[in-house]
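> Chains A and B are the protein sequences, given in the same order.
Mapping the first sequence onto our numbering, position 98 (from 1) lands on 98, and the numbers just tick up by one.
Mapping the second sequence onto our numbering, position 144 (from 1) lands on 144, and the numbers just tick up by one.
I should point out that these hints are in silico values taken from the structure, not numbers from a laboratory.
Computed from a predicted model, the values in this text were never measured in an experiment.
Mixed in with the good hints, there may be bad ones.
[Stated by the list, open to error] With the C-beta cut set under 10 angstroms, the calculated list includes, among others, these residues of chain A facing chain B:
#, residue
1, Pro86
2, Arg121
3, Phe271
[To be verified] 25 angstroms max Cα-Cα, derived DMTMM-like pairs, lysine to aspartate or glutamate:
#, chain 1, residue 1, chain 2, residue 2
4, A, Lys163, A, Asp188
5, B, Lys184, B, Glu194
6, A, Lys94, B, Glu196
7, A, Lys91, B, Glu194
8, A, Lys281, B, Glu275
9, B, Lys193, A, Glu33
10, A, Lys94, B, Glu30
11, A, Lys94, B, Glu275
Don't be surprised by glycine CBs; every beta carbon is placed ideally from N, CA and C.
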Amino acid sequence: MSNFLAYTINGLVLGSTYALTAIGYSMVYSILELVNFTHSTIYMVGAYLFYILAVLAGFPLWLAFICTIMLTGFVGIAYERITIRPLRIRKQPKFAMLICTIGTSIVLQNIFFLTMGSETRQYPTLFEGMYIQVLGFNVTVIQIVIIVATAVLLSIFLLFINKTKLGMAMRSCSQDTEATELMGISVDGVISLTFFIGSAHAAVAGVMGCMSYRSVDISIGNAIGTKTFASTVLGGIGALYGGVVGGLLIGLTEVYTAAYIGSNFRNIPAFVILILVLFLKPNGLFGLKQIKKV
Amino acid sequence: MKKKQSLLKWIAIFALIAVMYAVPAFVKNEYVLRVCVYICIYSIMASSLNLISGVCGQVSMGHAAFCGIGAYTSALISLYFGLPWPVCLLLACVMAGVTGVLIGIPALRLQGGYLVICTVGFNELVRLILLNWSSLTRGPMGLTNIARPVLFGIRIKSGYQYLFVALTLFLIVYVLLNNIIRSKFGRNLRAIKEDETAAETMGIRVHREKVIAFALASALAGTAGSMLAHYMVYISPALFIGDYSTTYLSMVVLGGMGNMAGSVVAAMVLTILPEMLRGLDSYRMLIYGLLLILLMLGKTRDWSTTSLARTWTRGKNALLARLRARGKGE
């Protein structure tokens with residue numbers, strides 16, 4: 001039983017990083033109907049920027065953390081400006097954008113590969129070696145911090161989306177971009193904001209995920225990519241916060257599979273869930289049903 | 001006049017084909033021949049993907065998986081049963097086509113982004129299966145010592161012989177695809193791309209046509225895979241990962257959606273460019289990524305929204321007009 005609880009905590013930690021990353025996917029998809037392949041690389045970018053600032057530049061961790069969030073957010077804005085907006089304005093087919101996001105992801109990955117090398121590096125972490133005992137098993141403090149921080153961030157995000165004017169603008173963009181533009185809302189601005197928020201969340205996820213593993217390398221973005229996809233699809237890709245529930249579920253499934261079936265199989269359930277959801281209920285758990293208009 | 005034109009056209013086409021077969025015979029550089037074989041194989045991949053993604057508008061990012069299915073089917077049959085290559089090729093084609101039908105039936109009910117994600121997932125799943133089903137596929141070590149093809153009693157081994165076979169295969173596929181997109185079926189696919197609801201109203205069985213197109217594209221990808229397996233003599237799951245699917249899709253988008261000649265030109269460009277970048281070593285992928293972005297952004301310019309082939313058509317029309325003017329002068 002205590003093992004099961006330990007697995008659950010691990011699953012929630014993993015799921016938190018998936019959930020935070022998944023937000024970026026679903027936000028971009030709900031507004032642009034674009035599968036953003038750069039997003040999983042942004043997770044890696046965030047993790048590395050924090051490493052560079054905290055370890056190589058020697059910033060205090062809190063300052064490095066804030067700077068990382070801002071910088072990654074601006075990376076998000078920048079690549080949207082440079083690669084996606086020109087195509088969107090000229091009404092190019094979605095596939096061109098899709099390939100652009102893949103190109104951006106290759107570029108970002110290689111920039112970090114060339115500057116940081118491919119070796120695995122030790123990651124700075126908080127509360128090293130500290131743990132508390134709950135019901136006879138140990139929970140590290142960092143795990144609790146991650147889960148709490150995720151909960152806080154997600155609550156702020158939901159409040160922002162549902163209660164503020166900007167959030168309303170975002171929701172309206174996801175329903176109908178043209179009508180939103182006609183209401184005098186700057187769609188370009190909203191999309192920039194969307195990429196900023198999505199990238200910032202991914203950065204937080206990247207930093208926290210690497211803190212819990214205590215290591216970072218170039219391939220972490222690829223590793224998380226398809227799983228966050230699966231989370232987003234499971235939650236409903238068009239729904240702004242569907243990915244959160246999807247992320248937690250995928251994280252839990254992954255840890256349970258690794259624990260009870262075998263760690264070789266830990267990567268399989270995400271794909272099985274992905275394919276099953278797409279075939280059985282493509283709109284996901286919370287997605288709105290698409291209505292085809294003639 | 002018209003007869004003369006079409007005669008000229010046919011002479012030009014035959015001359016072009018003759019040149020394509022003859023020139024490599026004088027090329028002694030094995031490396032150049034190798035790149036040419038890859039161009040043929042990638043052209044098959046790109047133009048078959050163009051059928052489903054370009055002509056029919058159903059974006060698939062799992063095309064490399066079908067290539068992998070074809071390659072492994074062909075290689076395994078040849079390794080375990082020692083059947084001649086044409087039989088392996090046929091079986092690879094059938095196997096990839098059948099998988100295409102099985103995946104296509106549920107997957108093609110999905111729209112846009114969902115289909116993209118689904119095919120990405122499928123590609124990853126195929127990779128994981130190839131990697132983990134070690135008893136059959138020997139996992140990451142890959143299959144080695146795949147038999148070289150024997151055609152009409154000749155064992156294909158030199159670069160030119162391979163190019164001859166690959167070029168022939170490519171030309172067959174190209175002519176086949178070009179005829180398909182001009183047939184009633186091809187027009188149905190175009191209608192589906194333009195507007196599914198309207199197409200359905202006109203009596204086109206949208207889902208069935210999509211699945212047939214998907215299966216055809218997959219089957220052709222399977223033949224490309226078989227060619228690849230028996231050319232490389234060694235295959236591993238790394239050859240069929242999602243990155244390759246991305247490359248094939250870039251070829252289709254770069255060449256112009258639904259434009260077969262464009263796909264072939266784009267396949268050439270995207271095969272030769274990375275080869276030229278080889279000298280740059282570790283900067284290679286960085287520059288490849290930048291090129292991918294620039295090519296897509298470049299497409300927004302007017303000369304190129306019209307895609308590579310429109311420029312070609314424009315040039316051709318100008319030439320024909322000049323010919324016509326001369327004809328009148330006589």
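> Please write out, lowest number first, the hints stated earlier that are contradicted by the structure.
Failing hints, ascending: 2, 8, 10, 11.
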